[in-house]
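Please model the complete structure; the sequences and the hints are all you need to start from.
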Amino acid sequence: MPASWKVRTGQVVAQAPSSPRGARLRRGLTGAAVLFAVLEVLTRADLVDPRYLPPASKILATTGSILVDPEFLPEVLGTLRAWAVGMVLAVLVAVPIGILLGSSQKVYVASRALVELLRPVPSVALIPLAILLFGRGTDMKVALVVYASVWPILINTIYGMHDVDPVAKDTARGFGLGRLAVVARVSLPSAAPFVYTGIRVAAAIGLIVVVSTELLAGGSEGIGTWMLARSASGGERELVYAGTIVAGLIGLGLNALFVLGDRRWFGWHQRARGDE
Amino acid sequence: MVGATRSDRLTTAGGPSAARRLGGVANAVALRLAVLAGFLVVWQLVTTASGSIFFPTPVEIVERLWQTVFGGQGTPILDHLVPSVARLLGGWTIGSLAGIAVGLAVGASGRLRDYLDPLIHFGRAIPPPALLPLFLVLLGLGDVMKVAMIAFGIVWPVLLNTIDGVQSVDSQYLDTGRVYGATRADRLLRIMLPAAAPKIFAGLRISLSIAVILMVISEMVAATNGVGFLLIQSQRTFRMLDMWAWILLLGILGYVLNTALLAVERRVLRWHQGARRGADT
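Protein chains in written order, with the working numbering: chain A, 1 to 276; chain B, 277 to 557.
Derived from the structure by calculation, the hints contain no laboratory data. Values in this document were obtained by computation on a predicted structure and should not be read as measured data. We treat Cβ as the ideally placed atom computed from N, Cα and C, and that holds for glycine. A portion of the hints provided could be inaccurate.
Partial chain A-side listing against chain B, Cβ under 7 Å, derived [claimed, not checked]:
id: 1; residue: R27
id: 2; residue: Y52
id: 3; residue: P55
id: 4; residue: V124
id: 5; residue: A125
Chain A is nowhere near these chain B residues, computed Cβ spacing over 12 Å in every case [to be verified]:
id: 6; residue: A310
id: 7; residue: T324
id: 8; residue: A325
id: 9; residue: V358
id: 10; residue: R387
id: 11; residue: E541
So this is what it looks like as structure tokens:
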């Protein structure tokens with residue numbers, strides 16, 4: 001018996017990533033269903049106070065109903081809009097600066113020192129300052145998303161530009177390409193996967209920052225504001241659970257988009273994926 | 277050809293002058309100090325020139341922080357710093373230990389991972405601050421809520437990295453362990469855990485920065501002490517200089533924690549870098 005267990009672990013460790021897709025999907029669904037059933041039984045059998053944990057079926061039903069609720073959807077859109085505008089601005093700011101800074105060895109070392117200096121300040125610590133500067137509206141959210149997202153994109157762009165194979169650059173120069181042409185046709189494509197990784201990291205941070213600002217600066221629209229109001233009213237707990245699930249769905253959706261983009265554009269590049 | 281150049285570089289770097297390497301380190305430190313000084317000078321000049329009440333000069337900010345920490349007047353800073361750090365480290369330790377323990381179990385069994393994969397990915401996808409309303413409802417305003425929220429928010433990167441690390445353990449190590457008669461617990465703790473350690477530490481570093489964010493946010497929304505509380509209080513009463521002093525304090529706290537974790541990592545993983553260098557030569 002122990003012998004067979006040993007053999008199996010050896011196989012499983014080697015095979016784990018390549019177990020058939022259908023089986024993995026089935027097991028994943030089973031896992032979710034078991035969790036659902038356990039939660040449902042816990043509350044139906046009065047083992048857990050339903051004021052703390054409403055029945056899972058009720059939470060799911062509430063999630064479904066707020067997803068089509070015309071009063072809830074603008075809150076989700078408000079969150080997503082602030083996030084998207086901030087991300088676009090951050091890319092427009094960080095990528096050109098990163099390309100400039102990454103092209104020179106000295107500036108590269110100096111900029112790394114500066115980034116290490118500024119990075120420890122958690123971006124949410126700047127929320128109070130942003131409230132004073134920009135008020136409590138969308139502008140404030142966008143400004144904070146830009147600040148928090150610029151750093152990972154900048155660092156990754158600088159790193160990517162710095163990491164370009166010098167032989168490839170010399171070769172391009174040997175073929176008579178000018179400085180700009182070398183940047184556009186050798187350095188940029190080679191740095192692109194790193195830039196993308198930076199944007200992907202920044203996207204997660206940006207979402208954290210948007211939700212945080214919404215929790216603190218009530219009055220502005222957004223899923224964070226909505227959830228905090230529901231939790232303060234104390235009445236319908238399943239609404240708070242449903243809001244948390246929607247927040248998770250937003251995260252999953254954005255993550256899936258980025259994985260898709262990664263596969264489509266950078267499937268050829270191994271290091272970009274290893275950089276996670 | 278590229279491979280040849282790289283190994284050339286390796287031999288020169290590994291071989292001769294420790295003095296030159298020392299010079300390189302000194303250079304890097306000097307450059308870093310120069311960048312820091314330049315940054316401070318520019319900051320000082322810009323804020324002095326603008327005269328904006330929102331942006332006090334760095335000299336004033338440092339002075340204010342120094343006064344509150346060592347001046348002995350007003351709020352004793354320890355009453356706020358200690359609870360903050362305690363919540364942060366408490367939540368981070370609980371979440372990390374849970375993540376490593378569950379990650380080892382799940383990673384050692386491919387089947388268990390299949391069952392839990394969607395749930396783990398969903399847990400990770402929730403932006404951690406979005407958990408705050410739920411934890412407020414469930415656990416109230418106290419310290420338990422903050423520690424629980426930090427633990428729940430940071431467990432996912434540790435868990436995923438541990439699973440990943442365990443699953444990428446070289447199967448030769450496991451086979452060797454089996455040949456030498458290692459028990460199941462031995463293999464888990466003495467082969468898989470060390471082999472997964474580099475990835476686990478990567479997860480711990482990510483989770484530390486998330487823990488700082490969650491500590492600040494939870495103290496801003498619901499607390500009567502802590503650095504996050506001080507920060508939001510100073511904003512509400514328009515005390516700009518105090519606000520900047522607390523931002524600086526949080527920056528220092530983040531830097532110290534990160535440096536401490538890096539030092540631990542370097543110590544714990546010394547064998548790892550050594551092993552790699554051995555493999556190179």
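So, going through the hints one by one against the coordinates:
no. : hint : verdict
1   : R27  : holds, 4 Å
2   : Y52  : holds, 6 Å
3   : P55  : violated, 16 Å
4   : V124 : holds, 5 Å
5   : A125 : holds, 5 Å
6   : A310 : violated, 8 Å
7   : T324 : holds, 19 Å
8   : A325 : holds, 18 Å
9   : V358 : holds, 18 Å
10  : R387 : violated, 7 Å
11  : E541 : holds, 16 Å
Comparing the model with each numbered hint stated earlier shows that hints 3, 6 and 10 do not hold.
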